[in-house]
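With these hints in hand, go ahead and build the complete structure from the sequences.
Respectively, the protein sequence lines represent chains A and B.
According to the working numbering, the residues represented by the first sequence are 1 to 373, in order.
According to the working numbering, the residues represented by the second sequence are 1 to 234, in order.
By construction, these hints were calculated from the structure, which means they are not laboratory data.
A quick note: this is a predicted structure, and the numbers were derived from the prediction, not measured.
A few of these clues could be false.
[Claimed, not checked] Just a few of them, taken from the derived set where beta-carbon distance is under 7 Å, the chain A residues facing chain B:
1. I23
2. Q206
3. G270
4. C271
5. Q274
6. A316
7. R336
8. Q337
9. G338
10. L353
A virtual CB, placed ideally from N, CA and C, is assigned to each residue, including glycine.
Residue-level listing of the chains:
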Amino acid sequence: MTAPTPAPWNQHPQVRSPAGRTIADLLALRSRQQPLDGFDAVYSDFVDYIVRCTHRIWEEKDIGLCRTHYADDVVMHTLAGPSRGCEAVVQGTLGALAAYADRQVVAEDVIWSEDAPGLFYSSHRITSRSTLEGSDALYGAANGAAQMATTVADCLVRDNRIVEEWLYRDNARAALQMQHAPRAVALAQAQADGLGDHTRHAWRQQWMDRVRSAVQAWPEAGHPAEGPMRLLHAAWVDNLYGQAAAAVSPSVEVRWPTGRSGWGRGYWIGCLVQLRAQLHDFHFTVEHWAARPLPNGEVAVALRWAACGVHASQGAWGPASGRDILVAGSSHYVLRQGRIVRDQTVFDELAVLRQVLGGLGGLGPSVQAGGGQ
Amino acid sequence: MNTATDQAPRLLGELAALLRGLPGSAAPLANTLRVQAMGHETFGRTDALDLFGRHPLVLSATPHVLAAPDALAVMDVTPEGRTVGVFADVVDGVLSRVWVAGPVAGDAATEAAVPVASDDFLTQQRTVCAGDPQDHPRLAATAWPQVQASAAEALQGVREPAAASSSQALLVRAFSSGDAFAALYTLRVQAASVPRHAHRRWVLAICRLGPDGALLHRLLAVSEPWPAPAPVLF
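Structure follows, in C-alpha cells:
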C-alpha cells in the first residue's frame, strides 16, 4: 500500500494567512471555505480553526473547549519535556490564565499543510501579550510585569482535535521581561530536575538519538521549503555559511530568541554560527515542513527542526559544560522572489540553559558545583 | 484604475490617525501591526496606539506622499522644522507595519538581547548600501543608482564621528511611482573609537528622477540614533 500523497502546498488559495488582517476580519464568521470533514461548523477553514479556537480558549476563557479540540491522549512536546493527555492541557491553560488573565494571543501566521486526506498540520506563530496579575509558579506573585514572547505551536490535527503538538516558546526572553535572570531560573529548574525519578527525562536522550540517526527527507521538487532546508543544511551541516547566505536577501530581517534582532546576511550568519560554534559533534534534521502563499506575492515557509551536539566550547550559553544538548525549534521564513527576506526562529533558550546547567536528565557537573557563573 | 493612487488618500488619513494615537481609532489596522518609531518597537495594534498616544506625531496638511499598492511613504516637516519620514507596509489596503525616521523619545528603550557577532560586509570590498533590486520588484531599474546614492548621502550625514569604513546602509523597502521612488534604509553606524560601539538609525529617501535617471530632487529623513540593546550574558 502506498502512502497517501500530500496535497499541493498552495491548494485552497482562498484560505488566507492572518498576516496583515484586522481583528474584525479574523473574527468574522464565514461559511465553510474548504472541505473540513469532522470539524465544528463554526470554522470556515483550517486557518480559522487554529486562530478561532485559540481565541475562544485563551481570550474568551472557554478553556473546557480543550476537551473538544485536543485528543484525550494528545502529546505536547516542548524542549522542557512532553506532557500527555487533554486534561494536562486544560490544567496548564487554567494555570496560565490564573496568572496572566489578559493574555492576547495575536496570530502572526498559520503556515499549514494537509499531509494526508483529513490530516492537517499547522505551524502557528503567536506573539502573546500578557501581564502578571496573578501568581506564577516560576515568576512569583503579581507584579504588573508584562510579557511579549513569541511562540510557535505546531499541531497535527484530525477531526477537530489536535492529536500531537510541538510547542516552542521564547522563554528566556519572557524571563527577562519578567525581570528574572534566565540563568538563575534555569539553574533552579536544573536542580529540581535532579530530584526524583530520572527516567522521566528519558525523552531527551531518545529525541537526540532520533536526530543522530535521522536520514533527511526532502520536499517534492518545486516546494518552497526546499530552498530554506538546503540553506540550513549548507550552514549547519556543511558549515558553508557564505554559500548559504548567498541565497538569502542581503536585506534579510532576522529575529531569533532572546531579543536577537538584526538585518543582513552577516547577522543571519552570526546567529547560526553562534549556536553551532558551541556544539561539537553536531547533528541536525528538519522534522516537518510546510508552505503557504502570503499577500503581496510572498510565500511563508515553516520548518520544524531539531539539533544536538556536545556543549564543548564556551559561547553565549556560558562555559562549556560537556553535556549533550538538544535544541528543537521552528523557523518561519518569508520568501520574496524565491529568496528569504525574513527569518523568525523560535526555540526555548531557557530549556537549553537548563540542559547546560545539568537539568533535564541526570546531574551534570554545573549543578553539582552550584551552577557555574 | 490605479489602485495605489485610489487608496492613498484613505491610507494617509488612517496613518495620520494612528500617528496621533487617537484612542479608539476606527482605522483598519492589521492585528499584527509592528511599529518602529521614536526609539521604540511595538507589536500589535493596541501597543502601537499606546506609543503614539504618548508620543503623537501630527502630520501637516500637505505632506509629500508616494504610494504603491503595498506601501505608502510620507515625508513631512514638523512645526519645529524637523524632517520626518514615515514608511508603511500595506496588505490588502490595511496598514500592517510602520517605520518613522525621526526623533527618538526620551523614554526610548530597546529590548535586551543576546549579542551576536556579525560581519556586515563579508568581504574587504565594502559597499555602502547592502541590497538587491531583485528584492524590490516595484522599484524601477533606472532608480537603482540613486537608491545607492541616497544611502551614501544618508551615511555621509551621520558619519562623524563614526568609522567611515565600518558603517553601512541596508535597503529595507523600495518602490517607484512614476518618476519618483521611495527607499527605506536601516543604518548601522559604528564608532571609530575604542570600544567600537554601534548604533542604528532609520532613513527614508524620496527622490524624483529625470528621464535619464538623473536626480532631480531628493528628500531625506534620518532618525536620531536608536538606543542599543542591553547585552544579555548568560
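Could you check the structure against the hints above and give me the numbers of any it violates, in ascending order?
Hints 2 and 9 contradicted; others consistent.
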